[in-house]
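The listed protein sequences derive, respectively, from chains A and B.
Read left to right, the first sequence gives residues 1 to 271 (our numbering).
Read left to right, the second sequence gives residues 1 to 252 (our numbering).
Among the clues, some could well be false.
[What the hints assert, rightly or not] Stretches of chain B that chain A covers, calculated by requiring three or more beta carbons in the stretch to come under 8 Å of a beta carbon on chain A:
#1 83-90
#2 105-111
#3 152-163
[To be verified] Chain A stretches covered by chain B per the calculated footprint, using a threshold of three residues with CB under 8 Å from any CB of chain B:
#4 13-22
#5 211-219
Just so you know, these hints were derived from the structure itself, not from any lab.
Keep in mind the model is a prediction, meaning the values are calculated, not measured.
The beta-carbon is built from N, C-alpha and C at its ideal position, and this holds for glycine as well.
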Amino acid sequence: MSATAAITGLLDFRRLDLLATGNSALHRLDPRAHVTVTLVFVVCAMSFGRYTVAPLLPFFVFPIAVVAMAGLPVAFLARKVAIVLPIALLIGLPNPLFDRESLLSLGGIEITGGWISLLSIALRALLAAAAAIVLVAVTGFPAICGALERMGMPRPLAVQLLFLYRYLAVLGEEAVRMTAAREQRGGDRPLSIRLYGTLVGRLLLRTWDRAERIYLAMCARGFTGDFRSGRAARFGVPEVGYVAGWCLFFLLLRTSDVTHWLGAAVLGAVQ
Amino acid sequence: MSHHLVEARGLTHVYEDGTIALKEVTFRITHGESVAIIGANGAGKSTLLMHLNGHLTPTRGEVRIGETPITKQTLPAIRRTVGLVFQDPDDQLFMPTVYDDVAFGPRNQGLPEAEVGRRVYEALERVGVWQVRAKPPYRLSGGEKKRVAIAGVLAMVPDILVMDEPTSGLDPHARRQLIGLLGEFRHTRIFTSHDLDMVLDVCPRTIVLFEGTVMADGPTGDIFADDALLSKCRLERPLAMQGCPVCGRGPD
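Using the sequences plus the hints, can you model the full thing?
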């Protein structure tokens with residue numbers, strides 16, 4: 001795969017934005033409902049101890065259920081989620097080296113705390129990424145910023161967040177153009193550090209210029225920092241039900257060992 | 001009071017690095033006029049356009065839209081009155097779908113969603129691309145992008161249309177169609193362009209900029225007949241006014 005194709009795939013924000021224009025029952029919910037559920041999900045899943053593995057697994061029900069109910073493309077989103085895995089592994093990799101205390105033994109092989117905490121970090125990274133990407137796919141980033149603002153985030157911060165996202169896409173597009181231009185002129189040879197620095201600097205300047213033009217175009221069409229998605233903002237019965245249902249489910253998973261019960265129940269039935 | 005007037009009085013713009021982009025530019029464009037602003041690269045066309053929409057503040061002089069000077073307080077009203085279409089539609093189209101993009105302006109005006117829907121329909125119908133409303137803008141052809149960008153501005157129902165290089169990057173057929181469309185509008189229209197044949201077709205009046213000053217302002221036909229002026233300003237006659245390159249016959 002060429003570098004151009006790699007960058008195009010990695011920064012395919014446009015498709016993510018497009019998914020949010022769907023019209024399932026979940027898409028029609030007020031964005032605040034999705035944002036609240038995602039926040040509670042992340043807090044519940046992330047607040048487990050460092051050696052927790054099994055109790056994290058049932059949390060995958062949430063992103064999977066949302067993907068199914070909203071009719072989102074599974075493979076596309078899974079690829080996006082998988083991007084975080086190498087980063088999480090990089091962060092967790094020192095753990096097996098430093099934490100050598102044996103915690104359990106599987107068929108004579110001692111498993112140390114380090115390996116278990118590495119697994120726990122990877123699972124949590126996947127959960128957080130899945131929740132975030134599903135949130136964007138079902139809500140759309142501008143609507144998320146609008147929801148955060150209505151929930152009390154200061155407007156300058158919400159606007160910053162919106163532009164960060166918008167310009168990340170612009171950065172991606174400029175990177176694609178520059179990479180294509182480099183490959184075109186014999187880019188098979190590895191990049192020297194110096195050339196790499198020049199390219200990154202140019203990329204920044206080009207992105208800057210283009211971001212400014214986009215901002216001007218937004219201002220020319222009356223943008224003053226307000227978010228208007230066209231969908232009516234109404235936190236009604238469906239939203240309350242959606243938020244309450246998921247929050248209760250997450251609290252249940254957080255406070256009681258559902259995996260253990262399930263395991264015990266299955267074993268009990270077998271015996 | 002008419003909103004359709006555009007007036008520059010002694011407009012001077014000096015960039016931070018000391019480059020003088022505009023020097024004492026003065027003109028008055030009245031209701032329903034279609035005016036081209038032409039000039040070589042670096043003549044100050046883009047800087048001038050940025051002033052008409054209040055993106056830049058004059059170093060000296062002023063720009064008035066209708067009877068209103070452009071100031072920070074009048075900016076929202078000015079931007080409702082003056083619709084600016086950018087040269088590169090990719091800079092202007094950023095919403096996930098064509099519909100949402102055209103709705104961006106009306107929604108910013110705080111209109112109810114039913115009215116937004118009506119505006120979007122009318123604008124996209126007007127430029128003939130209602131059928132692509134559900135597509136993402138980046139999947140459109142160059143000509144369609146240009147039309148959607150124009151629709152995005154039309155949906156705000158401006159009195160004055162300002163377009164930077166409307167025909168750049170279009171194939172001959174799309175260009176011809178766009179010229180037809182531009183000719184149909186009844187707004188006050190201001191175009192910058194290097195496409196001098198388009199200028200000849202669409203704009204009865206032309207303002208020539210050279211190194212930041214107005215070198216000429218008059219009927220397009222007269223300006224394109226003045227070879228000395230054109231040559232001094234690094235321009236040339238439109239192809240339609242040049243002799244035939246094959247048989248050597250002069251223009252009709």
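Do three or more residues from the stretch 211-219 of chain A put their C-beta atoms closer than 8 Å to C-beta atoms of chain B? Three-residue rule met by the stretch 211-219 of chain A, so holds; n is 6.
Quick check: the stretch 105-111 of chain B, covered by chain A? Criterion 3+ residues, Cβ under 8 Å. holds (count 5)
Count residues of the stretch 13-22 of chain A with a Cβ under 8 Å from any Cβ of chain B, then say if the count reaches three. holds (count 5)
Just to make sure I understand the rule, a stretch counts as covered if three or more of its residues have a C-beta closer than 8 Å to a C-beta of the chain. Does the stretch 152-163 of chain B meet that for chain A? It holds: at least three residues are needed, and the stretch 152-163 of chain B offers 3 whose Cβ sits within less than 8 Å of chain A.
Count residues of the stretch 83-90 of chain B with a Cβ under 8 Å from any Cβ of chain A, then say if the count reaches three. holds (count 4)
Going down the numbered hints, you'll see the structure goes against none, and every one checks out.
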